[in-house]
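> We have chain A already, so just place chain B on it with the hints.
These protein sequences, in sequence, are chains A and B.
The first sequence maps to residues 1 to 327 in the numbering used here.
The second sequence maps to residues 1 to 304 in the numbering used here.
Heads up, a few of these hints could be off.
To give an idea of the interface, some chain B residues facing chain A are shown, with a C-beta separation under 10 Å as derived from the structure [to be verified]:
hint : residue
1    : A128
2    : V136
3    : R202
4    : V205
5    : R223
Treat the hints as calculated values from the structure; they're not laboratory data.
Treat the numbers as computed from the prediction; the structure is a model and nothing was measured.
Beta carbons: idealized from backbone N, C-alpha and C, even for Gly.
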Amino acid sequence: MGEGLAGEATGQVSSVPARARPPAQPFDLSGAERRDLGERLVGIVLFACAAISVLTTVGILFILLERAIEFFAEVSIIDFLTGTQWTPLFKGQESFGVLALVSATLMIGALSMLVAIPLGLMSAIYLSEYARPGVRAVLKPFLELLAGIPTIVYGYFALTFITPEVLKPLFPETKPFNVLSASIAVGIMVLPMVASLSEDALRAVPRSLREGAYAVGATKFEVSTRVIVPAALSGIVASIILAVSRAIGETMIVAIASGSRAQVAKDPLDGAQAMTGYIVQVFSGDVVSGSVVYKSLFAVGLLLFAMTLLMNIFSQWVVTRFREVYQ
Amino acid sequence: MSASVPGAAASVEKTQLAQTRRLAARQTVARVFNVVFLLATCFAIFALAVLLWTIVGRGWDWLSWDLITRMPSRKAEQSGLNSAVLGTIWVISLTSLIAFPLGVGAAIYLEEYAPPSRWTKILQVNIANLSGVPSVVYGLLGLGIFAEMLHLGRVILVGALTMAVLSLPVIIIASQEAIRAVPWSLREAAFGVGATKWQVARHHVLPAAFPGILTGTILAISRAIGETAPLLVAGASAYVATRPDSFFDSYTTLPIQIYNWTALPQKEFRSLAAAGIIVLLLLLLTMNSVAIILRQRATRKARW
Chain A
1 MGEGLAGEAT
11 GQVSSVPARA
21 RPPAQPFDLS
31 GAERRDLGER
41 LVGIVLFACA
51 AISVLTTVGI
61 LFILLERAIE
71 FFAEVSIIDF
81 LTGTQWTPLF
91 KGQESFGVLA
101 LVSATLMIGA
111 LSMLVAIPLG
121 LMSAIYLSEY
131 ARPGVRAVLK
141 PFLELLAGIP
151 TIVYGYFALT
161 FITPEVLKPL
171 FPETKPFNVL
181 SASIAVGIMV
191 LPMVASLSED
201 ALRAVPRSLR
211 EGAYAVGATK
221 FEVSTRVIVP
231 AALSGIVASI
241 ILAVSRAIGE
251 TMIVAIASGS
261 RAQVAKDPLD
271 GAQAMTGYIV
281 QVFSGDVVSG
291 SVVYKSLFAV
301 GLLLFAMTLL
311 MNIFSQWVVT
321 RFREVYQ
Chain B
1 MSASVPGAAA
11 SVEKTQLAQT
21 RRLAARQTVA
31 RVFNVVFLLA
41 TCFAIFALAV
51 LLWTIVGRGW
61 DWLSWDLITR
71 MPSRKAEQSG
81 LNSAVLGTIW
91 VISLTSLIAF
101 PLGVGAAIYL
111 EEYAPPSRWT
121 KILQVNIANL
131 SGVPSVVYGL
141 LGLGIFAEML
151 HLGRVILVGA
161 LTMAVLSLPV
171 IIIASQEAIR
181 AVPWSLREAA
191 FGVGATKWQV
201 ARHHVLPAAF
211 PGILTGTILA
221 ISRAIGETAP
231 LLVAGASAYV
241 ATRPDSFFDS
251 YTTLPIQIYN
261 WTALPQKEFR
271 SLAAAGIIVL
281 LLLLLTMNSV
291 AIILRQRATR
301 KARW
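Isolated chain A (complex conformation):
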């Protein structure tokens, strides 16, 4: 858009060396005025592009709050936040105790971290401290590939492989839909994220720290675990918090593998519906726009949004607050 306006002046500038330009004339024939107008227009257009991101946030907040407030006019907010019965589709005895969904979400978040944190952290240490450049160049793309697989594929994998072929032989009482299979799949999904963000943090630790530790006779393992990891701890913790936030917001794996029975999650081998799973379940059926069930989606969405936002902010705070500054 701005290109047409500025285009004429451009050819001149790039082809004529600076010294050949004529001195300022009483009649400005350089097109500078038009160029200024174009410049300002382009600036405004680019600013508008950036401002759309603010509009997005406003839009999300507006739509979630508006519908959630409508919902809380019909269902008490206290019952919503403290109840443990989630039966929105039972005619006559609808109950909206969101803790049932939250418990499943948190259980999946916690169990998935049991997979993602140790494996992710160890991969990060290996890639940053142990691997030779050639080995790293081979291993790293695999992690990136794993990160690029759509979540629906992990969901399919959890339902049709992890549950029947891994969990069932180990624990015969495993239900077809269960929290554990979803958690394992979510853990594998966020593993590359923990690994790559932690690796970045480890690599940012200055070389002098490693050299100092090696000089006093520490082994590679000691250098990694007692010097480098503590030095990079803020970055590692931030990556873990981000991973938890991703796990909590993960939708398709949970919707497919952990079932659609809303109950307070106690047994990982049993199914329990998570917050995101509920949203998908309602949309897989027919939902009447404007009904209580419909509005409840936005209340659950708002809670989910608040939880993940808090964690993301917390993670940024950890990075800036506890960052070790060298030199």
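Okay, now just chain B, sitting in the frame of chain A:
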């Protein structure tokens, strides 16, 4: 550390012996963890291999050209992905058309134009936070604002707008990184011969950063192709047996068709879902390879 002093007392020798033993133990620990860390890293490869092996094993027999030319059907043997593949192409093309210019524009603003003010900082933090919002929440946004408040309904345009809003933060962040990697000397030289801000950005910074921007955008778009939840919420239809031919048609996409087949109890549909996943993964693999080739070519051509 273990240098022995001739004529030392017996106790000193004892401590030395103990130290040597401890050293051996420490070195063993170090060697063991060398392997443990390597195995942990290889777990990712192992998981990827098992996942692909499972899916290819189940879906291979169902893979055929007919699969992508047939419409979905109640019978697994006659069912196909035609409407889903076309839906994905329609939605993603429109998503790219919307998100690419907006994302690059925003990145240029933030890197080249924005004054170092509080407002700029808010913009930046806001974009970082948006990239962490769960995708299903974007679905609710699309449903509430685009489908209902703008009265557009369950159509391709709404799906594309939702996906564009979802991909924007990722595209902006990737483009910013690419723009930031362009050295200052390039800008200074251009400003030095009298170029304006936009001329510098348009003729010098953008061409230099373009491969990086393109790579980031392709990766963001391929992530969008695999997204299921936002479109499920924002109004893709479960069953579409006609070809879409305008932005105001109802639609379904590959991941949604896969989800629907996975949710069915019959074994045949599960296999069909696996075949659908193979098609989806092949599509993503193609896009990612293009991104990698572009990246490699760009690093080879780098002029600074």
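> Evaluate each hint against the coordinates.
Results for each hint:
no. : hint : in the structure
1   : A128 : holds (7 Å)
2   : V136 : holds (5 Å)
3   : R202 : holds (7 Å)
4   : V205 : violated (12 Å)
5   : R223 : holds (7 Å)
Consistency with the previously given hints fails for number 4 only.
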